[in-house]
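Trainee: Okay, here's what each chain looks like letter by letter:
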Amino acid sequence: MAIEYKISEESAKASIGAFLESYDLSWEDSRLFLQIACTDLIRFVRLGRVEIEVENDTVKVSQNLRYPVFDVSRLEYGELIGDHKRVVSKNANPDSLTDRQFVLLAAMAKEDVKLFYKLRKSDLSAAETLGTIFLSL
Amino acid sequence: MSHVAGSLREASLNGVTYRAIADNAVTVQNIREKRERVLTRYSSFEKSIVQECYIGNLKLEMDPTEYDNVKTMNARIGENIKMSITLADGAMYKGEGTLAEISEYDLMEGTCTLKCSAVTDFALFAA
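Sequence order for the protein chains is A and B.
Mapping of the first sequence onto this note's numbering: position 108 corresponds to residue 108, and the numbering continues sequentially without gaps.
Mapping of the second sequence onto this note's numbering: position 67 corresponds to residue 67, and the numbering continues sequentially without gaps.
No lab work stands behind these hints: they were computed from the structure.
Please note: incorrect hints may appear among the correct ones.
As the list claims (entries may be wrong) - Calculated lysine-lysine pairs in the DSS-like style (CA-CA distance at most 30 Å, straight line):
(1) A:114 / B:71
(2) B:115 / A:121
(3) B:115 / A:118
(4) B:82 / B:34
(5) B:82 / B:115
(6) B:34 / B:115
(7) A:90 / B:34
(8) A:114 / B:82
(9) B:82 / A:118
(10) A:85 / B:82
(11) A:118 / A:90
(12) B:115 / A:114
(13) B:71 / A:60
(14) B:71 / A:85
(15) A:13 / A:60
(16) A:90 / B:82
(17) A:90 / A:114
(18) A:90 / B:115
(19) A:85 / B:115
(20) A:90 / A:6
(21) A:60 / B:82
(22) A:60 / A:85
Chain A extracted, bound-state conformation:
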């Protein structure tokens, strides 16, 4: 069965480009892992699993869960601030990338970190992709 995309590749790239631009970054950013994560993100945006809204200088990233956890079906990540990174350095295991990703996303989405432990399939992949991007910003 072919995967049905809701959004065209061009629109997805445009919204991710606007997101990167708001952080003074571009697709040609030298950090390879950020490029790879953003390439992965195109697929999730096209599928409608991740929504990116950039208005003026405010970036709103949200994730629609295919498999809701603890009755939560949509995660809305607020603007990344220093406090979120501080929570990561205090609560996450510095040697575990996954742990750092989940603690950061939990703080941004204002949800319990245990919600992220229970994510499945593409919901988990999308969260890990977003975690990689937010950690590298």
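Here the structure of chain A is known, so what remains is to put chain B in place on it, guided by the hints.
Mentor: Only chain B this time, still in chain A's reference frame:
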């Protein structure tokens, strides 16, 4: 799975996890409606009273900056705090609301005691 009684493991406020202090008697009041019987001279009739659902005496370990953050997040009028507590067996109470009481910060222990009051009630997710 049978419930494992014991100390609370941790609590999360707006996605930030705080370690709960062991051997602290946390109480959960999660009954939204109370039924009472009103007595009359003839037959009695039923009265339903809506009451506050809360998690009380929640003693959490936090540093002074985190204590300040908790106070700030509670000061935003009209914005609910997402709250959850994890029990000893991993079961979780989850809800949204406000912090009805924030105690003074105990510098010696590095703790603060809260009362979390839910908008409606807390949902229980089994371990």
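Trainee: Give a verdict on every hint.
Mentor: Cross-check of the supplied hints:
1. Only pairs whose Cα atoms come within 30 Å are accepted, and residue 114 of chain A paired with residue 71 of chain B is accepted, the gap being roughly 24 Å.
2. About 37 Å separates the Cα atoms of residue 115 of chain B and residue 121 of chain A, which puts this hinted pair outside 30 Å; it is violated.
3. A threshold of 30 Å between alpha carbons decides the hint, and for residue 115 of chain B with residue 118 of chain A the separation of about 28 Å falls inside it, so the pair holds.
4. For the suggested pair residue 82 of chain B and residue 34 of chain B, the alpha carbons sit about 25 Å apart, so the restraint of at most 30 Å is met.
5. For the given pair, residue 82 of chain B sits about 13 Å from residue 115 of chain B by alpha-carbon distance, which is consistent with the 30 Å threshold.
6. Simply put, residue 34 of chain B and residue 115 of chain B have alpha-carbon atoms about 20 Å apart, close enough for the 30 Å limit, and the pair holds.
7. Between residue 90 of chain A and residue 34 of chain B the CA atoms are separated by roughly 42 Å; this puts the pair beyond 30 Å, and the hint is violated.
8. The suggested pairing of residue 114 of chain A with residue 82 of chain B holds, with an alpha-carbon distance near 13 Å, which does not exceed 30 Å.
9. A C-alpha spacing of about 18 Å is found between residue 82 of chain B and residue 118 of chain A, which places the hinted pair at or below 30 Å, so the restraint holds.
10. Restraint check: the Cα-Cα separation between residue 85 of chain A and residue 82 of chain B comes to about 19 Å, which is no more than 30 Å; the hinted pair holds.
11. Taking the CA atoms of residue 118 of chain A and residue 90 of chain A, the gap is near 22 Å; set against the 30 Å cutoff, the hint holds.
12. For a cut-off of 30 Å, the pair hint linking residue 115 of chain B to residue 114 of chain A stands: about 22 Å separates their Cα positions.
13. Restraint check for residue 71 of chain B and residue 60 of chain A: the C-alpha separation of about 25 Å stays at or below 30 Å, so the hint holds.
14. Taking the CA atoms of residue 71 of chain B and residue 85 of chain A, the gap is about 19 Å. The hint holds against a cut of 30 Å.
15. A distance of roughly 16 Å separates the Cα atoms of residue 13 of chain A and residue 60 of chain A; the hinted pair therefore holds under the 30 Å criterion.
16. Only pairs whose Cα atoms come within 30 Å are accepted, and residue 90 of chain A paired with residue 82 of chain B is accepted, the gap being roughly 20 Å.
17. Simply put, residue 90 of chain A and residue 114 of chain A have alpha-carbon atoms about 17 Å apart, close enough for the 30 Å limit, and the pair holds.
18. Between residue 90 of chain A and residue 115 of chain B the alpha-carbon distance is near 24 Å, which keeps this suggested pair within the 30 Å criterion.
19. For the proposed pair residue 85 of chain A and residue 115 of chain B, the alpha carbon gap of about 27 Å is at most 30 Å, so the pair holds.
20. Distance hint between residue 90 of chain A and residue 6 of chain A is unfulfilled; the C-alpha atoms sit about 39 Å from each other, more than 30 Å.
21. For the proposed pair residue 60 of chain A and residue 82 of chain B, the alpha carbon gap of about 19 Å is at most 30 Å, so the pair holds.
22. A distance of roughly 18 Å separates the Cα atoms of residue 60 of chain A and residue 85 of chain A; the hinted pair therefore holds under the 30 Å criterion.
Of the hints listed earlier, those the structure fails to meet are numbers 2, 7, 20, in rising order.
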